[in-house]
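Chemist: Quick mapping for you: the protein sequence lines, in order, are chains A and B. With this note's numbering, letter number 42 in the first sequence gets 27, and the count goes up by one each step, no holes. Count along the second sequence from 1, add 282, and you get the number used in this note's numbering.
None of these hints come from the bench; they were simulated from the model. Note that the structure is predicted; figures quoted are calculated from it, not measured. By construction, the Cβ of each residue, glycine as well, lies at the ideal position given by its N, Cα and C atoms. Each hint should be verified, as a subset may be incorrect.
[Said to hold, decoys possible] One side only, chain B facing chain A, incomplete, derived with CB under 7 Å:
(1) ASP340
(2) ILE341
(3) THR342
(4) ALA371
(5) GLY374
(6) GLY375
[To be verified] Using C-beta positions, here's what the derived DEER-type ranges look like:
(7) A:GLU28 / B:GLU333: 19 to 25 Å
(8) A:ARG31 / B:GLU458: 46 to 52 Å
(9) A:ASN23 / B:ARG297: 42 to 48 Å
(10) B:SER309 / A:ARG31: 32 to 38 Å
(11) A:GLU(-3) / B:GLU333: 18 to 24 Å
(12) B:VAL396 / A:ALA0: 42 to 48 Å
[To be verified] To give a feel for the contact side, a few chain B residues facing chain A, derived at Cβ under 8 Å:
(13) ARG369
(14) LEU376
(15) THR491
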Amino acid sequence: MISVVVNGREQELEAGETVARLLERLGFTARYALVERNGEPVERARYAELALEEGDTLVVARPVAGG
Amino acid sequence: MSRTDPLVIAGREFRSRLITGSGKYSSFAVMRDAALASGCEMLTVAVRRVEFDTPGEDITAYVPDDVLLLPNTSGAETAEEAVRMARLARAGGLPDWVKLEVIPDPRYLLPDPVETLRAAATLVEDGFTVLPYMLPDPVLARRLAEVGCATVMPLAAPIGSGWGLKLRETIEIMVEERIVPVVVDAGLGAPSHAAAAMELGADAVLVNTAIATADDPVAMARAFRLAVEAGRAARLAGLIEERATAEPSSPLAGVITKA
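Could you put the whole structure together from the sequences, leaning on the hints where they help?
Modeler: Below, the structure is given as structure tokens:
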């Protein structure tokens, strides 16, 4: 198991889990999931391949209502 | 009119000159219906962290087809924060168009011109189409155009205030010295304000609060659409010069009670 922080909350994952798997685990199925890993934006095309590592800090954001 | 008079931003043609915001609606369904009634082809969204315990609905599922999502950088107080938000949005698949807002002041929500210019330069270099929110300042407008911004978006009055075209004179100078399209954004409270902005030569307006918080947002969206079309048509038609005194519309000669 590895531990990462997602939006300020600790999350246990299997070693080698990808961004896509994390989103699935979190039950987030909206059209746009915007992901930042350790301060760097992650291209959507890489969600399915990018394996997370112990200690990673992630921000997951989305479009919301705004002017 | 609209077919022969497109709004062109960064090479992309829009028939509608009314851009709307998606904030403050009572529901996403009302937002969608209002967007449709407004005829808008561009709709702003904000970007926020997901609350996984209460994710709620996906607003993008309610955005009408063919409407361009325009992510904003609301919440950014510095250039770095704005750039970070824009890059995150683009990496996640949102368009590479960005409504750039850098706002350090919570009371009047006025944009920071220095940080906005810095962020704009970085984002343009990074390949974004940048639409910066700004105080109406013709010199800043020139600087923003020079670094490659696709529009300038001067505020008419503070966001959500509904005061109307309080900064009219400086917006007029910006229109006169227009390098890129001038989109009047924020503070418009009534369709007449939007029409006035179009009459003075703005290329487009952006409206959110005045539509979203009206008693009937869908009807108000239609009212704004009509006002923007009327104002644009009047601008193209050529408004008359104001005169100091009256000028009769009927002939002075041959009045029947006069010999």
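Chemist: Hints first: check each against the structure and report whether it holds.
Modeler: Cross-check of the supplied hints:
1. ASP340: 4 Å, holds
2. ILE341: At 6 Å from the nearest chain A Cβ, B:ILE341 passes the 7 Å test, so the hint holds.
3. THR342: 5 Å, holds
4. ALA371: 6 Å, holds
5. GLY374: This interface hint holds because 3 Å falls under the 7 Å limit.
6. GLY375: 4 Å, holds
7. A:GLU28 / B:GLU333: 19 to 25 Å: Distance hint for A:GLU28, B:GLU333 holds at roughly 24 Å.
8. A:ARG31 / B:GLU458: 46 to 52 Å: 47 Å, holds
9. A:ASN23 / B:ARG297: 42 to 48 Å: 43 Å, holds
10. B:SER309 / A:ARG31: 32 to 38 Å: Since the Cβ atoms of B:SER309 and A:ARG31 sit about 34 Å apart, the hinted range of 32 to 38 Å holds.
11. A:GLU(-3) / B:GLU333: 18 to 24 Å: 20 Å, holds
12. B:VAL396 / A:ALA0: 42 to 48 Å: Once the Cβ atoms are compared, 46 Å apart, the range 42 to 48 Å for A:ALA0 and B:VAL396 holds.
13. ARG369: At about 5 Å, which falls below the 8 Å cut-off, the nearest Cβ of chain A leaves the hint on B:ARG369 intact, so it holds.
14. LEU376: 6 Å, holds
15. THR491: With a minimum Cβ separation of about 7 Å from chain A (threshold 8 Å), the hint on B:THR491 holds.
Every hint from the earlier list agrees with this structure, and none is contradicted.
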